[in-house]
Amino acid sequence: MPAPKPWLETLTLEKLHRVAVRIGSPCSGTKAARVGGIRDAVSSVKSRGDAPLSLLSIDMGIRNLAFAHFTAPKATDTSVLYDCPTLRAWRRVAIAQASAPKGTTRTSLRDSEADETSMATKESFEPTDYARHAYALVRDMLATYHPNHIIIERQRFRSGGRAAVPEWTIRVGVFEGMLYAVLRTLIEQGGLEVEVEPMWPAQVNRYWLEGRDEVVVSGTKLTGREVKRAKINLVGDMLDSVTGKGEDKGKMCIGEETKPFVKEFVATWKKETRTKKDEVRSVTKLDDLADSLLQSLAWIDWQNHRKRIEVMGEKAVDLETGLLV
Numbered sequence: 001m002p003a004p005k006p007w008l009e010t011l012t013l014e015k016l017h018r019v020a021v022r023i024g025s026p027c028s029g030t031k032a033a034r035v036g037g038i039r040d041a042v043s044s045v046k047s048r049g050d051a052p053l054s055l056l057s058i059d060m061g062i063r064n065l066a067f068a069h070f071t072a073p074k075a076t077d078t079s080v081l082y083d084c085p086t087l088r089a090w091r092r093v094a095i096a097q098a099s100a101p102k103g104t105t106r107t108s109l110r111d112s113e114a115d116e117t118s119m120a121t122k123e124s125f126e127p128t129d130y131a132r133h134a135y136a137l138v139r140d141m142l143a144t145y146h147p148n149h150i151i152i153e154r155q156r157f158r159s160g161g162r163a164a165v166p167e168w169t170i171r172v173g174v175f176e177g178m179l180y181a182v183l184r185t186l187i188e189q190g191g192l193e194v195e196v197e198p199m200w201p202a203q204v205n206r207y208w209l210e211g212r213d214e215v216v217v218s219g220t221k222l223t224g225r226e227v228k229r230a231k232i233n234l235v236g237d238m239l240d241s242v243t244g245k246g247e248d249k250g251k252m253c254i255g256e257e258t259k260p261f262v263k264e265f266v267a268t269w270k271k272e273t274r275t276k277k278d279e280v281r282s283v284t285k286l287d288d289l290a291d292s293l294l295q296s297l298a299w300i301d302w303q304n305h306r307k308r309i310e311v312m313g314e315k316a317v318d319l320e321t322g323l324l325v
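Residue numbers for the sequence shown follow our numbering, beginning at 1 and rising by one.
Please keep in mind that the hints were generated in silico from the structure rather than gathered at the bench.
Here the structure is a predicted model, which is why all the values come from computation and not from measurement.
Check the hints yourself; a few may be wrong.
With a Cα cut of at most 20 angstroms, we get these calculated SDA-like pairs of lysine to any residue [unchecked claim]:
1. Lys221 x Leu209
2. Lys315 x Thr78
3. Lys251 x Ser241
Quick list of simulated restraints, FRET-style, between CB atoms [claimed, not checked]:
4. Leu323 x Asp77: 37 to 45 angstroms
5. Arg154 x Lys221: 17 to 25 angstroms
6. Gly29 x Arg156: 15 to 23 angstroms
Glycine included, C-beta positions come from ideal geometry on N, C-alpha and C.
Given the sequences, and given the hints that come with them, work out the whole structure.
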């Protein structure tokens with residue numbers, strides 16, 4: 001049996017919160033619940049096996065579903081799980097295109113915008129059509145990327161101050177459920193070996209944004225649009241450092257097949273002269289892509305941090321602050 005990690009009991013709620021943020025475990029609840037969540041998360045890394053990672057990250061949507069595909073070799077350092085991940089594919093799709101004929105894959109931001117405009121006039125929201133799109137999307141992604149892990153953005157059914165939950169939110173939630181149903185069916189039939197996990201946006205946002213300057217300086221909770229802009233800027237900075245002259249590959253590498261799309265993202269993000277209307281369109285166009293990429297990197301970081309704690313125990317954490325060392 002794994003060690004119970006009694007040193008966790010000595011940490012305050014604030015320190016447990018910091019540890020939980022870094023490994024992607026629940027940050028709310030009683031002290032016992034947080035300690036239990038950390039223990040469960042750390043113990044889960046032992047089931048990952050020795051295979052290289054092929055991770056497919058899906059940011060949910062109907063007209064603006066985005067996904068990122070990363071591969072990563074097993075780490076030579078035994079205190080972490082994976083070495084530097086490589087971005088192999090990254091794009092947005094309108095789900096109706098999942099049932100389109102072969103050869104219609106979109107490779108640019110401009111192409112995906114055209115898809116959304118054309119599909120908006122002829123899309124159907126009937127369950128029979130959703131089911132066909134879900135199956136086609138899963139089938140094509142499995143055949144193209146061969147993932148051994150799939151993470152899917154978890155939907156939240158919030159009213160946002162309205163009298164009821166918006167119908168569009170429910171539609172996305174229905175499609176999310178269908179993706180899980182298709183994947184579970186394929187797994188149960190014995191023809192698919194893949195781990196499927198939900199990713200809570202709040203946990204991902206907390207991992208990337210908590211403690212960042214724009215949050216600390218404001219001293220107040222960011223609005224939804226400010227959160228989107230902060231994440232887009234984070235991804236833009238990250239990709240600019242990777243693709244720039246310095247070739248800083250600390251966080252990730254970029255596959256040759258993905259470099260043109262990454263450069264287009266960075267160029268769009270860097271535009272200095274745009275009207276207010278263009279600013280809104282830019283946020284809408286880039287935020288889904290940013291979410292799918294940050295979701296991937298957060299998951300990979302969480303696995304590495306969990307492995308570090310599993311191997312090193314309390315030496316992996318500064319017990320004075322709760323920060324990982």
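Kindly confirm whether 15 to 23 angstroms is satisfied by the beta carbon distance between Gly29 and Arg156. 18 angstroms, holds
Going straight from one Cα to the other, do Lys221 and Leu209 come out at no more than 20 angstroms? 11 angstroms, holds
I want to verify a distance hint. Is the separation of the beta carbons of Leu323 and Asp77 within 37 to 45 angstroms? 20 angstroms, violated
Pairwise hint evaluation, Ser241 against Lys251, where the allowed Cα distance is 20 angstroms at most: 10 angstroms, holds
Using the C-beta atoms of Arg154 and Lys221, is the stated range 17 to 25 angstroms upheld? Once the Cβ atoms are compared, 20 angstroms apart, the range 17 to 25 angstroms for Lys221 and Arg154 holds.
Does the structure keep Lys315 and Thr78 at a Cα separation of 20 angstroms or less? Distance ~15 angstroms between Lys315 and Thr78 Cα, so the pair holds.
Hint 4 from the earlier list is the only one contradicted by this structure; the remaining hints agree with it.
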